[in-house]
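Asker: Model the full assembly from the supplied sequences, consistent with the hints where possible.
As given, the protein sequences belong to chains A and B, one line each in that order. Residues 1 to 113 in the numbering used here are what the first sequence spells out, letter by letter. Residues 1001 to 1110 in the numbering used here are what the second sequence spells out, letter by letter.
Note that these hints are calculated values from the structure, not bench results.
List of simulated lysine to aspartate or glutamate pairs, EDC-like, C-alpha gap at most 20 Å:
no.: 1; chain 1: A; residue 1: K39; chain 2: B; residue 2: E1009
no.: 2; chain 1: A; residue 1: K66; chain 2: A; residue 2: E11
no.: 3; chain 1: B; residue 1: K1042; chain 2: A; residue 2: E11
no.: 4; chain 1: A; residue 1: K66; chain 2: A; residue 2: D86
no.: 5; chain 1: A; residue 1: K39; chain 2: A; residue 2: D86
no.: 6; chain 1: A; residue 1: K15; chain 2: A; residue 2: D86
no.: 7; chain 1: A; residue 1: K22; chain 2: A; residue 2: D57
no.: 8; chain 1: B; residue 1: K1045; chain 2: B; residue 2: D1102
no.: 9; chain 1: B; residue 1: K1045; chain 2: A; residue 2: E24
no.: 10; chain 1: A; residue 1: K85; chain 2: A; residue 2: D63
no.: 11; chain 1: A; residue 1: K15; chain 2: A; residue 2: D63
no.: 12; chain 1: A; residue 1: K78; chain 2: A; residue 2: D63
no.: 13; chain 1: B; residue 1: K1045; chain 2: B; residue 2: D1083
no.: 14; chain 1: B; residue 1: K1109; chain 2: B; residue 2: E1009
no.: 15; chain 1: B; residue 1: K1042; chain 2: A; residue 2: E44
no.: 16; chain 1: A; residue 1: K66; chain 2: A; residue 2: E83
no.: 17; chain 1: A; residue 1: K62; chain 2: A; residue 2: E44
no.: 18; chain 1: A; residue 1: K52; chain 2: A; residue 2: E99
no.: 19; chain 1: A; residue 1: K22; chain 2: A; residue 2: E11
no.: 20; chain 1: A; residue 1: K66; chain 2: A; residue 2: E14
no.: 21; chain 1: A; residue 1: K78; chain 2: A; residue 2: D57
no.: 22; chain 1: B; residue 1: K1045; chain 2: A; residue 2: E99
no.: 23; chain 1: B; residue 1: K1109; chain 2: B; residue 2: E1015
no.: 24; chain 1: B; residue 1: K1003; chain 2: A; residue 2: E44
no.: 25; chain 1: B; residue 1: K1003; chain 2: A; residue 2: D57
no.: 26; chain 1: A; residue 1: K85; chain 2: B; residue 2: D1102
no.: 27; chain 1: B; residue 1: K1003; chain 2: A; residue 2: E56
no.: 28; chain 1: A; residue 1: K22; chain 2: A; residue 2: E44
no.: 29; chain 1: B; residue 1: K1042; chain 2: A; residue 2: E24
no.: 30; chain 1: B; residue 1: K1056; chain 2: A; residue 2: E99
no.: 31; chain 1: A; residue 1: K52; chain 2: A; residue 2: E68
no.: 32; chain 1: B; residue 1: K1109; chain 2: B; residue 2: D1078
no.: 33; chain 1: B; residue 1: K1045; chain 2: A; residue 2: E44
no.: 34; chain 1: A; residue 1: K39; chain 2: B; residue 2: D1102
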Amino acid sequence: DAGVTQTPRHEVAEKGQTIILKCEPVSGHNDLFWYRQTKIQGLELLSYFRSKSLMEDGGAFKDRFKAEMLNSSFSTLKIQPTEPKDSAVYLCASSLLGEDTQYFGPGTRLLVL
Amino acid sequence: QQKVQQSPESLIVPEGAMTSLNCTFSDSASQYFAWYRQHSGKAPKALMSIFSNGEKEEGRFTIHLNKASLHFSLHIRDSQPSDSALYLCAVSIGNNRIFFGDGTQLVVKP
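Answerer: Structural data, given as structure tokens:
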């Protein structure tokens, strides 16, 4: 079974650009999570979907961050417009309903200049 | 909102030592308690989890859970350089929504 896949692995953007990150969860998993990870803030939840329905939208991130689940096996995270403070690793994770363990993708390392 | 705190923030131990990492949580209804390990440049990966009070051992790793004290810990026996990583504790009330701590950066020196 394939794990969680994320593309691209690295992204460099100019301030003000729009970028779209992609995630494919583990096949059959119902829950999908987007996190941002920095050394200072640690892991921060951006969005949480269950069976394509948005369950939680990280309050501080509503302004310029929008996650969508286009179908049960594909999700995107759009950041618009990007700012230098958005430089971080963006992680996608999925889990099976009824099992708390989350499986993480390799992440996308974003640098905003 | 669940609050999860880890200590220490960082730790350096010699190879072969016992390592102890701590995690406190705020919601007494929590049911899932886990440790995730993240090697540098890699994704976090679940290491082990526990659901009821007591301890659970898997190889060199042991989790202790004390729900009444809102505390659980990870102990690594005979620490190895390959154990060097960021360790994240994770707590959930059983609805798949996990709250993570900020992590303990462990370095095991040969």
